[in-house]
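Sequences are here, hints too, so could you generate the full structure?
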Amino acid sequence: DVLMSYLQGTSLAEVNSFSPSVPLSPSSATNQYKLDDERELRDLFVTVDDPESHITAIETFITYRVVTKTSRGEFDSSEYEVRRRYQDFLWLKSKLEEAHPTLIIPPLPEKFVIKGMVERFSDEFIETRRKALHKFLNRIADHPTLTFNEDFKVFLTAQAWELSSHKKQGPGLLSRMGQTVRAVASSVRGGVKNRPEVFSEMNDYVETFSQKMNILDKIAHRIYKEEREYFNEMKEFGPIHTLWSASEEDLADALKGVAGCIDKCCKATEKRMAGLSESLLPILHEYVLYGEILMGVLKRRDQIQAELDAKADALVTKKTEKDLFSEELGTLEDKAECANNALKADWDRWKQNMRRDMRSTFTSAAASNLRYYEECLAAWESFLASQTVEPQVEEDSEDRP
Amino acid sequence: MEDCLAKKMEITVSEAEKRTGRNAMNIQETYTAYLIETRAVESQSEGQCAPVDSLWRRYSEFELLRNYLLATYPHIVVPPLPEKRADFVWHKLSADNMDPDFVERRRIGLENFLLRVASHPVLCQDKIFYSFLTQEGGWKEMVNETGFQLKADSRLKALNATFRVKNPDKRFTELKHYSDELQSVISHLLRVRARVADRLYGVYKVHGNYGRVFSEWSAIEKEMGDGLQSAGHHMDVYAASIDDILEEEEHYADQLKEYLFYAEALRAVCRKHELMQYDLEMAAQDLTSKKQQCEELATGTVRTFSLKGMTSKLFGQENPEQREAKIKVLEEQIQEGEEQLKSKNLEGRDFVRSAWADIERFKEQKNHDLKEALISYAVMQISMCKKGIQVWTNAKECFSKM
Numbered sequence: 001d002v003l004m005s006y007l008q009g010t011s012l013a014e015v016n017s018f019s020p021s022v023p024l025s026p027s028s029a030t031n032q033y034k035l036d037d038e039r040e041l042r043d044l045f046v047t048v049d050d051p052e053s054h055i056t057a058i059e060t061f062i063t064y065r066v067v068t069k070t071s072r073g074e075f076d077s078s079e080y081e082v083r084r085r086y087q088d089f090l091w092l093k094s095k096l097e098e099a100h101p102t103l104i105i106p107p108l109p110e111k112f113v114i115k116g117m118v119e120r121f122s123d124e125f126i127e128t129r130r131k132a133l134h135k136f137l138n139r140i141a142d143h144p145t146l147t148f149n150e151d152f153k154v155f156l157t158a159q160a161w162e163l164s165s166h167k168k169q170g171p172g173l174l175s176r177m178g179q180t181v182r183a184v185a186s187s188v189r190g191g192v193k194n195r196p197e198v199f200s201e202m203n204d205y206v207e208t209f210s211q212k213m214n215i216l217d218k219i220a221h222r223i224y225k226e227e228r229e230y231f232n233e234m235k236e237f238g239p240i241h242t243l244w245s246a247s248e249e250d251l252a253d254a255l256k257g258v259a260g261c262i263d264k265c266c267k268a269t270e271k272r273m274a275g276l277s278e279s280l281l282p283i284l285h286e287y288v289l290y291g292e293i294l295m296g297v298l299k300r301r302d303q304i305q306a307e308l309d310a311k312a313d314a315l316v317t318k319k320t321e322k323d324l325f326s327e328e329l330g331t332l333e334d335k336a337e338c339a340n341n342a343l344k345a346d347w348d349r350w351k352q353n354m355r356r357d358m359r360s361t362f363t364s365a366a367a368s369n370l371r372y373y374e375e376c377l378a379a380w381e382s383f384l385a386s387q388t389v390e391p392q393v394e395e396d397s398e399d400r401p
Numbered sequence: 001m002e003d004c005l006a007k008k009m010e011i012t013v014s015e016a017e018k019r020t021g022r023n024a025m026n027i028q029e030t031y032t033a034y035l036i037e038t039r040a041v042e043s044q045s046e047g048q049c050a051p052v053d054s055l056w057r058r059y060s061e062f063e064l065l066r067n068y069l070l071a072t073y074p075h076i077v078v079p080p081l082p083e084k085r086a087d088f089v090w091h092k093l094s095a096d097n098m099d100p101d102f103v104e105r106r107r108i109g110l111e112n113f114l115l116r117v118a119s120h121p122v123l124c125q126d127k128i129f130y131s132f133l134t135q136e137g138g139w140k141e142m143v144n145e146t147g148f149q150l151k152a153d154s155r156l157k158a159l160n161a162t163f164r165v166k167n168p169d170k171r172f173t174e175l176k177h178y179s180d181e182l183q184s185v186i187s188h189l190l191r192v193r194a195r196v197a198d199r200l201y202g203v204y205k206v207h208g209n210y211g212r213v214f215s216e217w218s219a220i221e222k223e224m225g226d227g228l229q230s231a232g233h234h235m236d237v238y239a240a241s242i243d244d245i246l247e248e249e250e251h252y253a254d255q256l257k258e259y260l261f262y263a264e265a266l267r268a269v270c271r272k273h274e275l276m277q278y279d280l281e282m283a284a285q286d287l288t289s290k291k292q293q294c295e296e297l298a299t300g301t302v303r304t305f306s307l308k309g310m311t312s313k314l315f316g317q318e319n320p321e322q323r324e325a326k327i328k329v330l331e332e333q334i335q336e337g338e339e340q341l342k343s344k345n346l347e348g349r350d351f352v353r354s355a356w357a358d359i360e361r362f363k364e365q366k367n368h369d370l371k372e373a374l375i376s377y378a379v380m381q382i383s384m385c386k387k388g389i390q391v392w393t394n395a396k397e398c399f400s401k402m
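Heads up: the protein sequence lines correspond to chains A and B, in order. Residues 1 to 401 (UniProt numbering) are what the first sequence spells out, left to right. Residues 1 to 402 (UniProt numbering) are what the second sequence spells out, left to right.
A couple of the hints might just be wrong.
The list that follows gives simulated cross-link-like pairs (lysine to any residue, SDA-like), each with its CA atoms no further than 20 Å apart [stated by the list, open to error]:
{"id": "1", "chain 1": "B", "residue 1": "K386", "chain 2": "A", "residue 2": "A385"}
{"id": "2", "chain 1": "B", "residue 1": "K387", "chain 2": "A", "residue 2": "T363"}
{"id": "3", "chain 1": "A", "residue 1": "K256", "chain 2": "B", "residue 2": "Y259"}
{"id": "4", "chain 1": "B", "residue 1": "K205", "chain 2": "A", "residue 2": "E226"}
{"id": "5", "chain 1": "B", "residue 1": "K371", "chain 2": "A", "residue 2": "S247"}
{"id": "6", "chain 1": "B", "residue 1": "K401", "chain 2": "A", "residue 2": "D250"}
{"id": "7", "chain 1": "B", "residue 1": "K387", "chain 2": "A", "residue 2": "E375"}
{"id": "8", "chain 1": "A", "residue 1": "K225", "chain 2": "B", "residue 2": "A239"}
{"id": "9", "chain 1": "A", "residue 1": "K271", "chain 2": "B", "residue 2": "K222"}
{"id": "10", "chain 1": "B", "residue 1": "K386", "chain 2": "A", "residue 2": "C266"}
{"id": "11", "chain 1": "A", "residue 1": "K218", "chain 2": "B", "residue 2": "G208"}
{"id": "12", "chain 1": "B", "residue 1": "K363", "chain 2": "A", "residue 2": "D250"}
{"id": "13", "chain 1": "B", "residue 1": "K205", "chain 2": "A", "residue 2": "F231"}
{"id": "14", "chain 1": "A", "residue 1": "K256", "chain 2": "B", "residue 2": "H368"}
{"id": "15", "chain 1": "B", "residue 1": "K222", "chain 2": "A", "residue 2": "S360"}
{"id": "16", "chain 1": "B", "residue 1": "K387", "chain 2": "A", "residue 2": "L377"}
{"id": "17", "chain 1": "B", "residue 1": "K140", "chain 2": "B", "residue 2": "V213"}
{"id": "18", "chain 1": "B", "residue 1": "K363", "chain 2": "A", "residue 2": "E249"}
{"id": "19", "chain 1": "B", "residue 1": "K387", "chain 2": "A", "residue 2": "D217"}
{"id": "20", "chain 1": "A", "residue 1": "K256", "chain 2": "B", "residue 2": "Q255"}
{"id": "21", "chain 1": "B", "residue 1": "K401", "chain 2": "A", "residue 2": "S368"}
{"id": "22", "chain 1": "A", "residue 1": "K225", "chain 2": "B", "residue 2": "G208"}
{"id": "23", "chain 1": "B", "residue 1": "K205", "chain 2": "A", "residue 2": "M273"}
{"id": "24", "chain 1": "B", "residue 1": "K371", "chain 2": "A", "residue 2": "S386"}
{"id": "25", "chain 1": "B", "residue 1": "K205", "chain 2": "A", "residue 2": "D217"}
{"id": "26", "chain 1": "A", "residue 1": "K256", "chain 2": "B", "residue 2": "S376"}
{"id": "27", "chain 1": "A", "residue 1": "K256", "chain 2": "B", "residue 2": "M380"}
{"id": "28", "chain 1": "A", "residue 1": "K264", "chain 2": "B", "residue 2": "K176"}
{"id": "29", "chain 1": "B", "residue 1": "K386", "chain 2": "A", "residue 2": "T363"}
{"id": "30", "chain 1": "A", "residue 1": "K351", "chain 2": "B", "residue 2": "V213"}
{"id": "31", "chain 1": "B", "residue 1": "K371", "chain 2": "A", "residue 2": "P239"}
{"id": "32", "chain 1": "B", "residue 1": "K386", "chain 2": "A", "residue 2": "K218"}
{"id": "33", "chain 1": "A", "residue 1": "K225", "chain 2": "B", "residue 2": "A357"}
{"id": "34", "chain 1": "A", "residue 1": "K351", "chain 2": "B", "residue 2": "S215"}
{"id": "35", "chain 1": "B", "residue 1": "K176", "chain 2": "A", "residue 2": "L243"}
{"id": "36", "chain 1": "B", "residue 1": "K176", "chain 2": "A", "residue 2": "D250"}
{"id": "37", "chain 1": "B", "residue 1": "K386", "chain 2": "B", "residue 2": "H233"}
{"id": "38", "chain 1": "B", "residue 1": "K387", "chain 2": "A", "residue 2": "E374"}
Bear in mind the hints are in silico, worked out from the structure with no lab data behind them.
In structure tokens:
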């Protein structure tokens, strides 16, 4: 099945590079087309909504409704509705990582929020998590390989008890532990010695990228905090002018006008903050998580490489059963090649997606700031206009009783 | 206004200089001296420029001048001085009196003070003020020789009057309430404005962090690099722009502060009225009681209880000669008292009339100045918004090219 995923993972890339009708082009336009293609050719739609709280004697937890609509033949029905809890998502992610060790599995929202800004089951926390879970499933659905994963299908379609029993299948705890021990052992030793240049470059890139994402995440959060503090002060600032207008006659109008402008700016600030928290903050957070995911993927690739290297080294000293050993070595060589190709293809795809996400999110953040200043400008300009027209209005009012 | 000094003479406080010297207790101190430059206004057509006269004054001398004006013209709303110490500061500004920004704003405030006095119809004609502007040496002695300190009413006396006066002019009572409200609302406004400025500064400056990170990130990206790099530059511009914006806003705050201090000057005029009114009421009361005493002595009837009445009842009435003498003294006192009362009444009415005229003048000035200040605040906000629009339009374009 590693071979299968290799074929599927690189299928689109292969098709595009060998088909004579589509010119070989590294330009973003072609890659963008490929991505949009993915969207248009979609035959599976997933939504996550309707969080519900469940209270048992042992614990309290939230389940989310997962609705799937599909036209694919492998699915018995065209519509499914199931309820899943966070644990189930964790299970799915680990199964995907197991099946596709060198593919980039999308990030899941974290188990806990350490910052202490949000309480564990507050509405804000649940909504943030829901959105992230929705994104997680959609990214899998959009992935050319992962979308056909069997566990993914089970996740989307199985009823609660079916899922439980399915989870119990597969390699037992002991064999999984053995895998982990081998993985840890080999990661300590190597996979780095014979690492192809391209993966070393990837490693360097991910290290820097991760670092920058972390900093950007912090900056964006800081900006949000400062904007909120500014909003709080402005909320108090406006009404003082109204209060003052109560003890003035000639000035009352101008003072109320200023109060009104400040009020409008307040509302505009609120909108700006909402834009930040709905778009930029979640995206930056996801890419912080992606940094860790990418490091994990590169490590797993190194492990596969290490297994191969160990076997190759052993073969040199092997005296007996050389043929059997060579066969095993061949299998490992194939495995390593598949893994490397899968990663390379997925890496390109990931980079395109990242670029698109960053471009769109930073552009919309800038647009949100632009709107903010435009709204404030309109408010103050209208106030200014009213003040310069004033004198005529005053003359008229003198005639009134 | 035609005759006011401001029209005939150009007055500027053009420089500020740090000085060291010895004070009254012979201790070395550092202070700032301000250069006052004056020049007679010549008609432009002659194309000649009159020579500039100049002298140095320090803040304490300005204070002395103002105290003199307060004591000498109690019916005038005397323009205030800029604050002695930096108040309502937000974190970036220092509260240090020697800070160059503070000194600069004080220089402007002192110039404004002189211009206010010079354009006041009454105050501009004062000789001491004129000497302050033109006579370097011996001015202090000249002021002290006027003996204005004696004219100044004691704080205690004024406070007493405030609580005990029975019939102050209603308009002054209202004015006092107004000046209290004005002071309270402006100080609240200034305090919150300082906090708003602080927060705004934070928002802008944090964006500045983007610049460096974008630049470092762009180093590892191929297609995204240019867009990131140029967007980062715009973030730097954005972050830097707040300094000038807030600098300008300080001047707006200073305009409000002037009227915060003007509120105190208004209250001073109200207090003077209360004092005069109280004085008048006391004099009238005194006169009434004397008249009563006189009447009692003359008619021999005791209308109201008095210790004298009781003692005379106990120890016997006085003889007719003693009574006559007493009545005569009282009658003299009553006559004196009536004259005094008449002149006090006249004084009081004169004060009310001239004070109210100046208050009306002040009200118009205040409405005009504050309205202008509010408009200038709006203009500042508009300029800030336009800068923001430009920066974010540019940034947006850079991002869209990432």
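Results of checking the hints against the structure:
For the suggested pair K386/B and A385/A, the alpha carbons sit about 17 Å apart, so the restraint of at most 20 Å is met. With a CA separation close to 18 Å, the supplied pair K387/B and T363/A stays within the 20 Å bound. Under the criterion of a C-alpha separation no larger than 20 Å, the hint pairing K256/A with Y259/B is consistent with the structure, at around 19 Å. Proposed proximity of K205/B and E226/A is supported: the alpha carbons are some 10 Å apart, at most 20 Å.
Taken as a hint, the K371/B and S247/A pair is honoured in the structure, with Cα atoms around 15 Å apart against an allowance of 20 Å. Straight-line distance between C-alpha atoms of K401/B and D250/A comes to about 52 Å, which puts the hinted pair past the 20 Å bound. A distance of roughly 14 Å separates the Cα atoms of K387/B and E375/A; the hinted pair therefore holds under the 20 Å criterion. With a C-alpha separation of about 16 Å, the suggested pairing of K225/A with A239/B holds against the 20 Å cut-off.
For the proposed pair K271/A and K222/B, the alpha carbon gap of about 34 Å is over 20 Å, so the pair is violated. Simply put, K386/B and C266/A have alpha-carbon atoms about 18 Å apart, close enough for the 20 Å limit, and the pair holds. A hinted pair counts as satisfied when its Cα atoms are at most 20 Å apart, and K218/A with G208/B qualifies at roughly 13 Å. Restraint check: the Cα-Cα separation between K363/B and D250/A comes to about 10 Å, which is no more than 20 Å; the hinted pair holds.
Annotation: proposed proximity of K205/B to F231/A holds, straight-line Cα distance about 16 Å (limit 20 Å). Taking the CA atoms of K256/A and H368/B, the gap is about 16 Å. The hint holds against a cut of 20 Å. Only pairs whose Cα atoms come within 20 Å are accepted, and K222/B paired with S360/A is accepted, the gap being roughly 17 Å. With a C-alpha separation of about 10 Å, the suggested pairing of K387/B with L377/A holds against the 20 Å cut-off.
Taken as a hint, the K140/B and V213/B pair is broken in the structure, with Cα atoms around 61 Å apart against an allowance of 20 Å. With a CA separation close to 11 Å, the supplied pair K363/B and E249/A stays within the 20 Å bound. As the CA atoms of K387/B and D217/A are separated by approximately 26 Å, the hinted pair breaks the 20 Å bound. A threshold of 20 Å between alpha carbons decides the hint, and for K256/A with Q255/B the separation of about 19 Å falls inside it, so the pair holds.
Annotation: proposed proximity of K401/B to S368/A holds, straight-line Cα distance about 17 Å (limit 20 Å). Only pairs whose Cα atoms come within 20 Å are accepted, and K225/A paired with G208/B is accepted, the gap being roughly 15 Å. This hinted pair checks out: K205/B and M273/A have alpha carbons roughly 17 Å apart, not beyond 20 Å. Taking the CA atoms of K371/B and S386/A, the gap is near 12 Å; set against the 20 Å cutoff, the hint holds.
Under the criterion of a C-alpha separation no larger than 20 Å, the hint pairing K205/B with D217/A is consistent with the structure, at around 16 Å. At most 20 Å may separate the alpha-carbon atoms for a hinted pair to count; K256/A and S376/B meet this at roughly 15 Å. In summary, the hint linking K256/A to M380/B is supported, as the alpha carbons are separated by about 18 Å, within the 20 Å threshold. About 34 Å separates the Cα atoms of K264/A and K176/B, which puts this hinted pair outside 20 Å; it is violated.
Straight-line distance between C-alpha atoms of K386/B and T363/A comes to about 19 Å, which keeps the hinted pair within the 20 Å bound. A distance of roughly 19 Å separates the Cα atoms of K351/A and V213/B; the hinted pair therefore holds under the 20 Å criterion. A hinted pair counts as satisfied when its Cα atoms are at most 20 Å apart, and K371/B with P239/A qualifies at roughly 18 Å. With a CA separation close to 28 Å, the supplied pair K386/B and K218/A exceeds the 20 Å bound.
A distance of roughly 52 Å separates the Cα atoms of K225/A and A357/B; the hinted pair therefore is violated under the 20 Å criterion. For a cut-off of 20 Å, the pair hint linking K351/A to S215/B stands: about 18 Å separates their Cα positions. At most 20 Å may separate the alpha-carbon atoms for a hinted pair to count; K176/B and L243/A meet this at roughly 18 Å. Restraint check for K176/B and D250/A: the C-alpha separation of about 19 Å stays at or below 20 Å, so the hint holds.
Note on K386/B and H233/B: the hinted pairing holds, with a Cα-Cα distance of about 18 Å set against a maximum of 20 Å. With a C-alpha separation of about 11 Å, the suggested pairing of K387/B with E374/A holds against the 20 Å cut-off.
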